[in-house]
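Student: Here are the chains, one letter per residue:
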Amino acid sequence: MFKSRIRGFLQVNGLRIMALLGALGVALPGMADLAAAKSLDDILKAREIRIGVNPTLPPRALFNDKNEIDGFEPDLAKALAEKLGVKLTLVAVGSPDRIPFVASDKVDLVMGAMSRTSERAKVIDFSAPIHSENYGIISLASKPFAKLSDLNNEAITLVQVRGTTAIPYIQKNIPKAKLLLLDNYNDRDRALAQGRADASFDGIDAVAYRLKIFPNVKFNIVPVPEWGVTYSSFGVAKGNYSLRDWVNIALYELHSTGVVEQLWEKWFLKPMDTKVPVTPYF
Amino acid sequence: MAYTLQFGQVTPYLGYLAGGAWLALQLAAIGFVVGWAIGLVCAAILHYGPWLPRKIVRAYVVFFLNTPLLVQIFFIYFALPDWGIVLSSFQAVVIGMSLNAGAYLTEIQRAGFNSIRREEIEAAETLGFSRLQSIRHVIVPHICKVLFPPLSNQYIILTMTTSIAAIFGVEELTGRTYNINAQTFRALEIFSIAALYYVALTLVASAALYSIGRYFFRIKGKVF
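Residue numbers (the working numbering), protein chains in the order written: chain W, 49 to 330; chain G, 47 to 270.
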């Protein structure tokens, strides 16, 4: 019964199905072509470079008073586009979709705190580092801590954001400290400022910028490089070496002339904790 | 979907989750009892009180019914410290839930008071009941019978609402579920188990409320 129905369907629609499959066969290679990344030449020809930034991560990138995308990454993207002599188009990307954006040629370069990891490097290529990413201890200035082992004490409460990477480490290595887990970094900051906890161990790059909304509270921020320092880079489509190699040379110039550090201090309100070693070899 | 459920990774945390369920039960029970007491007083004021207290109760009820519980607790937890009142996570959540439940329970109990008909009291007087006797044998049984189902519903709703506490650092069932999820990444498994815990919490409460209702107030209902 069922078989005969299918046979009947094919007899009536067979030609249409063949035509549809044929059309797909023509269209698919064409679509693959569309997704190919733009080489350096293509970008120079188009007189435009598209760079992805994540405006939900201030001060890396944010929407300013005029509702335009602004911040450290947009400023650096501007400097890069100037060097290339083309128009800059900033594209807002999010954390989960920023890699697909560059892999499918929606942007030429992607920023948005692109930490280099071996896992990500299977999918996209990375430029030389733009900046370091540092962890450290944030506490009130009246109660400073010098190192992680100082926190291992029953009288100490650490405030952390639920589900973040430092928590398993704290539970294992700072087991005596009490944990207060809150929902997001704004709540974490406020809890620290209100003295609900003694310290927090987390990323410290954006902390000076974040904490400026508490002008009456003095904070102490101590880097803990033993935790491990990671580096953020420009992400480019896999195999787009013409663009990546040019970005590396431009980035060398921007590092060695102090532009990167200068933009960093402008937006992050403190020097980069671990300097990126600038070498002429990449 | 090429995903295999792996409960083995999350079963070591069942005891940890049970601790969270116990905390959720405490939050719901305290919130309900305090809210019920607030509601009883406020409903009595609305029904029998003078003008000014009535207006104050109305303002309280309108404010708490028309703002989200999350915002109310946020205010208690993060804004009050600016006036020097620092409450612990548990205290802030319990106060927020009680005040919120109090507003809902005021409305519910006010409806209960309103449901008593003048004829019932007149009939009791005609039969020669004293004031105390008519309260004991006519008014209270009537109010209980009318109020029991909506009060039970409110308790079940409150049990679900306890999950908000996780946002303010109370390690109840949902908070602990998130913690395990962040460690094992077994979201489907651990959230399914958390759902079972919530079902257990509410089913046990439903069964208990059903028995109480049936035994004391002769209310017919269904647990399932």
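These are calculated hints, taken from the structure and not from any lab test.
Small disclaimer: the values here were computed from a predicted structure and weren't measured.
Fair warning: there could be bad hints in the mix.
As the list claims (entries may be wrong) - With the C-beta cut set under 10 Å, the calculated list includes, among others, these residues of chain W facing chain G:
id : residue
1  : ASN200
2  : ALA203
3  : VAL207
4  : THR212
5  : ILE215
6  : ILE218
7  : ILE222
8  : PRO223
9  : LEU230
10 : ASP231
11 : ASN232
12 : ASP235
13 : ARG238
14 : ALA239
15 : GLY243
16 : ARG244
Said to hold, decoys possible - The following residues of chain W were derived to be distant from chain G, with all beta-carbon distances above 10 Å:
id : residue
17 : PRO144
18 : ASN182
19 : ASP198
20 : ARG210
21 : PRO216
22 : TYR257
23 : ASN296
Using N, Cα and C, we set each Cβ at its ideal position, and we do this for glycine too.
Student: Each hint should be assessed against the structure and marked as holding or not.
Tutor: Consistency of the hints with the structure:
no.: 1; hint: ASN200; verdict: violated (20 Å)
no.: 2; hint: ALA203; verdict: violated (16 Å)
no.: 3; hint: VAL207; verdict: holds (8 Å)
no.: 4; hint: THR212; verdict: holds (8 Å)
no.: 5; hint: ILE215; verdict: holds (7 Å)
no.: 6; hint: ILE218; verdict: violated (12 Å)
no.: 7; hint: ILE222; verdict: violated (16 Å)
no.: 8; hint: PRO223; verdict: violated (15 Å)
no.: 9; hint: LEU230; verdict: holds (5 Å)
no.: 10; hint: ASP231; verdict: holds (4 Å)
no.: 11; hint: ASN232; verdict: holds (9 Å)
no.: 12; hint: ASP235; verdict: holds (7 Å)
no.: 13; hint: ARG238; verdict: holds (5 Å)
no.: 14; hint: ALA239; verdict: holds (8 Å)
no.: 15; hint: GLY243; verdict: holds (7 Å)
no.: 16; hint: ARG244; verdict: holds (7 Å)
no.: 17; hint: PRO144; verdict: holds (15 Å)
no.: 18; hint: ASN182; verdict: holds (22 Å)
no.: 19; hint: ASP198; verdict: holds (22 Å)
no.: 20; hint: ARG210; verdict: violated (5 Å)
no.: 21; hint: PRO216; verdict: violated (6 Å)
no.: 22; hint: TYR257; verdict: holds (20 Å)
no.: 23; hint: ASN296; verdict: holds (35 Å)
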